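Each chain is listed here by its residues.
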Amino acid sequence: MATSRRLETLLDHGIELVAGVPCSYLRRFFAACEGLPASRYVAAPREDHAVAIGAGAWLGGRLALAAMQNSGLGYCLEVLTSLHLMYRLPLPLLVSDRGEPSDFEEHRILGQRTRKLLELFAIPWRAATLGEEEDEAAWLVGTARTRCMPAVLLVGKGVDV
Amino acid sequence: MTRAEAVALVLSRLTPEVLVVAADGAISREAYRAADRPRSFYMLGSMGHVASIALGLALSRPERVVALDGDGNLLMGFGNLALVGGLRPSRFYHLVLDNQCYATTGGQTCLSRQVDLAAAAAGCGYAWARRCGAGEDVAAAVDAWLSAPSPALFDLVIDALDPGPVAERIPLSPEEMAERFRDAVSATLAAE
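As given, the protein sequences belong to chains A and B, one line each in that order.
Counting along the first sequence from 1, when you hit position 4 you're at 4 in the numbering used here, and nothing is skipped either side.
Counting along the second sequence from 1, when you hit position 24 you're at 24 in the numbering used here, and nothing is skipped either side.
Heads up, some of the hints might be wrong.
What the hints assert, rightly or not - Per the computed footprint, the stretches of chain B lying under chain A, defined by three or more beta-carbons under 8 Å from a beta-carbon of chain A, are:
id : region
1  : 35 to 45
2  : 55 to 66
3  : 76 to 82
4  : 170 to 178
Claimed, not checked - So these bits of chain B aren't anywhere near chain A, every CB distance computed over 12 Å:
id : residue
5  : 1
6  : 2
7  : 5
8  : 8
9  : 15
10 : 107
11 : 110
12 : 123
13 : 133
14 : 136
15 : 137
16 : 140
17 : 149
18 : 161
19 : 166
20 : 167
Said to hold, decoys possible - If we take Cβ atoms under 8 Å as the criterion, some of the chain B residues that face chain A in the derived model are:
id : residue
21 : 49
22 : 52
23 : 87
24 : 181
25 : 182
26 : 185
27 : 186
No lab work stands behind these hints: they were computed from the structure.
Note that the coordinates shown come from a computational prediction; the quantities given were computed from them, not determined experimentally.
Note that beta-carbon positions come from the ideal geometry of N, C-alpha and C, so glycine has one too.
The following block holds chain A by itself, in its conformation from the complex:
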């Protein structure tokens, strides 16, 4: 069965449900999610559904993680603003960090503005580094829970462990 240190550390820090849409930068993470029981991983049809599932889970007492490619963040703005930010609901997000100059055209326009987009809505973010998975999971879950809002861990190329 596929294993992912990223997923393991997030589960250790209190993530009870993962909902998301896969990204090739997060292949290992999603492969490990596929091994979770059906009640703990939801393959959503679009990223905003995953975010809304996270809101419902929190209202029901469980902490969910939404995982996606950064291109999906655009779909999520309405839900993040009029649900999570407005009602003050925690939501850790694992988002791929695509859009570097060598990346394909379709990833560049939104990808190169991911950080600005998050900062525009004052959503805290941090970029993942190899070897820091434990600390990053603690930061991601802790920030979302203590500030009662979304928080984002950006995962670039080669940090999907």
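Mind docking chain B on chain A? Use the hints.
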């Protein structure tokens, strides 16, 4: 049947432990006015996500979950039908208050006039899906829906326009709504 009558009828059929997610706009306001209950969550925005929020709840709680959806709302988040029909959660009851228009914003045309929402739900894997039109015994149809296997979608066609005054905005802050719901869910009910 008006939207207000339909919302009041459905809420009167629910036991206290049932978890309700009410769609943004008039549906939430009517639900609050007809029978506010601590286990009802009122959406103010995020249109199109009634069933996704309800699904997150259904994956986290053992109680029955009722999604009070609208036709325009469901069409905006049509992927919800695949999500719910594909995952087939137990105790998931999906109601579409179908006035065939965008009533909250003034009655503009909606594609639900052409699209059979119950057939779409059945095609996506709902265990039970049907439409209830004018002239049918709505109370009996609501009871049949609530006794059906899960997930069950009931497309209830209602009047396009409500003659009564539009319900006022809910006098709770969003934060209060979420906290109240979470507190109610974490407390044990005698009915459980």
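Here is what the structure says about each hint:
no. : hint       : verdict
1   : 35 to 45   : holds (count 4)
2   : 55 to 66   : holds (count 7)
3   : 76 to 82   : holds (count 4)
4   : 170 to 178 : holds (count 4)
5   : 1          : 28 Å, holds
6   : 2          : 27 Å, holds
7   : 5          : 28 Å, holds
8   : 8          : 24 Å, holds
9   : 15         : 17 Å, holds
10  : 107        : 23 Å, holds
11  : 110        : 19 Å, holds
12  : 123        : 15 Å, holds
13  : 133        : 29 Å, holds
14  : 136        : 31 Å, holds
15  : 137        : 32 Å, holds
16  : 140        : 30 Å, holds
17  : 149        : 18 Å, holds
18  : 161        : 26 Å, holds
19  : 166        : 20 Å, holds
20  : 167        : 20 Å, holds
21  : 49         : 4 Å, holds
22  : 52         : 4 Å, holds
23  : 87         : 7 Å, holds
24  : 181        : 5 Å, holds
25  : 182        : 6 Å, holds
26  : 185        : 6 Å, holds
27  : 186        : 6 Å, holds
When held up to the earlier numbered hints, the structure conflicts with none and fits them all.
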